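2 protein chains.
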Amino acid sequence: MSELVGAAIFGQSGGPTSVINSSAAGVIQEALKQKCITNVYGAAHGIKGILTEQFYDMSKEDPYELDLLKTTPSSALGSVRYKLKHFDEDETDYKKLLEVFKKYNIRYFFYNGGNDSMDTCNKVSKYMQKVGYECRVMGVPKTIDNDLFGTDHCPGYGSAAKYVATSTMEVYHDARVYDTGMITVLEVMGRNAGWLTAATALAAYKGNGPDLIYLPEIAFDMDKFLEETNKIYKENGKVIIAVSEGIKTADGKYIPELVASNLTKDSFGHAQLGGTASVLANIVKEKIAKKVRGIEFSLLQRAAAHVASATDVNEAYAAGQAAVQNAVEGKTDYMVAFERTEGAEYKCNIKLLNLTEVANTEKKIPREWINKEGNGLTEDFIKYALPLIQGESCPPLEDGLPRFAKLKKVLATK
Amino acid sequence: MSELVGAAIFGQSGGPTSVINSSAAGVIQEALKQKCITNVYGAAHGIKGILTEQFYDMSKEDPYELDLLKTTPSSALGSVRYKLKHFDEDETDYKKLLEVFKKYNIRYFFYNGGNDSMDTCNKVSKYMQKVGYECRVMGVPKTIDNDLFGTDHCPGYGSAAKYVATSTMEVYHDARVYDTGMITVLEVMGRNAGWLTAATALAAYKGNGPDLIYLPEIAFDMDKFLEETNKIYKENGKVIIAVSEGIKTADGKYIPELVASNLTKDSFGHAQLGGTASVLANIVKEKIAKKVRGIEFSLLQRAAAHVASATDVNEAYAAGQAAVQNAVEGKTDYMVAFERTEGAEYKCNIKLLNLTEVANTEKKIPREWINKEGNGLTEDFIKYALPLIQGESCPPLEDGLPRFAKLKKVLATK
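Residue numbers (the working numbering), protein chains in the order written: chain Y, 1 to 414; chain G, 1001 to 1414.
To be clear, the hints were calculated from the coordinates, so they are not data collected in a lab. No experiment lies behind these values; they were computed from the predicted model shown. Hints may contain errors.
[Stated by the list, open to error] As a list, the in silico DSSO-like pairs of lysine-lysine whose alpha-carbon atoms are at most 30 Å apart:
{"hint": "1", "chain 1": "Y", "residue 1": "LYS248", "chain 2": "G", "residue 2": "LYS1285"}
{"hint": "2", "chain 1": "G", "residue 1": "LYS1364", "chain 2": "Y", "residue 2": "LYS85"}
{"hint": "3", "chain 1": "G", "residue 1": "LYS1238", "chain 2": "Y", "residue 2": "LYS83"}
[Unchecked claim] Estimated spans, in silico, between C-beta atoms of each pair:
{"hint": "4", "chain 1": "Y", "residue 1": "ASN360", "chain 2": "G", "residue 2": "ASN1371", "range": "48 to 54 Å"}
{"hint": "5", "chain 1": "G", "residue 1": "LEU1258", "chain 2": "Y", "residue 2": "ALA344", "range": "55 to 61 Å"}
{"hint": "6", "chain 1": "Y", "residue 1": "VAL259", "chain 2": "G", "residue 2": "LYS1130", "range": "54 to 60 Å"}
{"hint": "7", "chain 1": "Y", "residue 1": "GLY237", "chain 2": "G", "residue 2": "PRO1063", "range": "28 to 34 Å"}
{"hint": "8", "chain 1": "Y", "residue 1": "LEU4", "chain 2": "G", "residue 2": "LYS1383", "range": "38 to 44 Å"}
{"hint": "9", "chain 1": "G", "residue 1": "THR1180", "chain 2": "Y", "residue 2": "ILE232", "range": "21 to 27 Å"}
{"hint": "10", "chain 1": "G", "residue 1": "TYR1133", "chain 2": "Y", "residue 2": "ARG403", "range": "31 to 37 Å"}
{"hint": "11", "chain 1": "Y", "residue 1": "ALA344", "chain 2": "G", "residue 2": "THR1341", "range": "53 to 59 Å"}
{"hint": "12", "chain 1": "G", "residue 1": "GLY1207", "chain 2": "Y", "residue 2": "ALA344", "range": "41 to 47 Å"}
{"hint": "13", "chain 1": "Y", "residue 1": "LYS83", "chain 2": "G", "residue 2": "ASN1371", "range": "40 to 46 Å"}
{"hint": "14", "chain 1": "Y", "residue 1": "GLY132", "chain 2": "G", "residue 2": "ASP1399", "range": "32 to 38 Å"}
{"hint": "15", "chain 1": "Y", "residue 1": "GLN34", "chain 2": "G", "residue 2": "THR1378", "range": "47 to 53 Å"}
Ideal Cβ placement from N, Cα and C applies to all residues, glycine included.
If we strip away everything but chain Y, and leave its shape as in the complex, we get (with noise of 0.2 Å):
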């Protein structure tokens, strides 16, 4: 293995989670510490901050503001939406990427997302092999999707599903102060896997859940649904259901589909979605129930630092201290992924996957873990998730209210 001198960049992709800036603490705390790195550069809004040469000295930050990171929810740097096209079809925005690598001697790159950036990322580090410029490229996992192939879970699952549980568990109590009937519907993010909405299952587990479960890996039946509210709605008059905002119809409908045909797409042909729980709750309405009420959990779910799980910040920061030291010993092309021990102890253990295999293969729930009715998670779930949830971890307060960090951001010059 060959010592590397040169300077590292990192980036955040995609959306944000509540612990996505401690994977950024990991990366820039460990990248500073490294002799061979000689710069410590935080791109601006992703591969865009790159691109356009806007990215922040991190050396001319304060220790502790870095450290404060860890607890601050959201991407510090800036994220972004942007889809590099592969370099055989389109050079330009690759030849650029190399003119900045080179012009700050750029030798580290760390990139910190979801599927997508995961592409952004093994496709920057195949066009660096491609044209040989020598660049150790690794990429550190994010997002509450939870839906990254080959990891046992990804950072910012834990903390969101966390919030989602205990969330959950809230209004199941005020969903059951009043003695009439009432339906309640609980939207939570997830476009094709069901993780998150099956976070909910916790707050079941703890006997303040919802009653029934709908994920994205099974296909929507509307007359079952109904079926299956109606029945609870009898039986006991309250009825809590969750269903995740992608769950879709046989023929592969989204629920605002139903009721509407114009979903708008974000830059990558992603639907955008939402009012899943609205138009539930306005067909149980007219179909079961006078009382219903729909809640989407919205993008709490993923900035909630306040209820953030202390082992998915801990292992946030992990993956991005490993990241770097990774790449310091001679490791590239690869995305830092967590390996659960065997034993009745929850232990993780970081591996390396390479990112071709990671990028763009999505992970879904595995049909053994929802219930024969597909309404519903199964105890091998509930021993999947629970340990990811473990541990309180907030950010220091000051006047009561959490104390963010704050980043100077002082722009690199070359």
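Start from chain Y and add chain G according to the hints.
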């Protein structure tokens, strides 16, 4: 002061809060200690449970579970929205109440709720006086709306304010990650008084809050709103706006009424609002920017015990305790209230207010605490609200999730 020996009954009424059960714990634990109180009953669903003889024997509960009530959100005994007619108009309910009071020798009546509940409490008190049934009646305040008259603030407000301010800070971080324009409209509960929406100003005070805050205290002017929003959007590209669900135009129309004229009403004749953020978001999308997001804090703001204010939890408990102590000492026909002492350090003493004074009277934000433009709060509000959100109270955890009280609810019989 004469000793009055007999049973006590406690009921919860109106919308739940994070700390109404802390008041329940205060009343129940204190009442169980009093020698002159022979039985402690908890009414199922407030006044309705008394009318139907559905109440629980609180001495049958595990003391540990009663203690957990301090950190369990929502109304553990069940709540109700039931408006008692005046006894001059219809005595039916009152006769039934008297019959039940006599049957169980109920001599202490504690009622925990907001404006409407204090009205119920007052009517019961006056009726018992009228018919000469000796009974001590005390109201225990509760409302996230903070609109009860004559008290410095209401239990329930501090915790809801802490949730709203914390979540606003987190949304602020999430709303700034992309380098594209983005307008976020946050909707906060509050029908006629803007106290809870004003709590977003605490987030602004910490540098992570809304640019514009619209309260029901000020007539809402759509043109002015669009102009103010557009101005900030042009300057910064990012705008965060907090609105109360109860904002109304000068001619008395709620925002959802501007697009639909059929609002449903609850049993007190209050309009059931909601949708204010999404209606405004759609208008802003049409007139100003492409990327607009409407977020409703929804009922989580009144149920989020996981981020309750310790000050609030303790005061809610103290209010319940004080109700019992004062009643035992001979006081009746009062609501427990708070009086803030002068001086730099926050301290509130308990005082008693005549029920007639507080019932049905609403307290709004003083005009001088709202800025001249009517779109933000002044320093006076910050000084007022900040002490109320201090201290962290969160339920004990089990498996990383809240451990809420589980009551046996053994029905009392006679």
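Here is how each hint holds up against the structure:
no.: 1; hint: LYS248(Y) with LYS1285(G); verdict: holds (27 Å)
no.: 2; hint: LYS1364(G) with LYS85(Y); verdict: violated (57 Å)
no.: 3; hint: LYS1238(G) with LYS83(Y); verdict: holds (23 Å)
no.: 4; hint: ASN360(Y) with ASN1371(G): 48 to 54 Å; verdict: holds (50 Å)
no.: 5; hint: LEU1258(G) with ALA344(Y): 55 to 61 Å; verdict: holds (59 Å)
no.: 6; hint: VAL259(Y) with LYS1130(G): 54 to 60 Å; verdict: holds (55 Å)
no.: 7; hint: GLY237(Y) with PRO1063(G): 28 to 34 Å; verdict: holds (30 Å)
no.: 8; hint: LEU4(Y) with LYS1383(G): 38 to 44 Å; verdict: violated (56 Å)
no.: 9; hint: THR1180(G) with ILE232(Y): 21 to 27 Å; verdict: violated (43 Å)
no.: 10; hint: TYR1133(G) with ARG403(Y): 31 to 37 Å; verdict: violated (55 Å)
no.: 11; hint: ALA344(Y) with THR1341(G): 53 to 59 Å; verdict: holds (54 Å)
no.: 12; hint: GLY1207(G) with ALA344(Y): 41 to 47 Å; verdict: holds (45 Å)
no.: 13; hint: LYS83(Y) with ASN1371(G): 40 to 46 Å; verdict: holds (44 Å)
no.: 14; hint: GLY132(Y) with ASP1399(G): 32 to 38 Å; verdict: violated (52 Å)
no.: 15; hint: GLN34(Y) with THR1378(G): 47 to 53 Å; verdict: holds (50 Å)
In terms of the numbered hints stated before, the structure departs from hints 2, 8, 9, 10 and 14, listed from lowest to highest.
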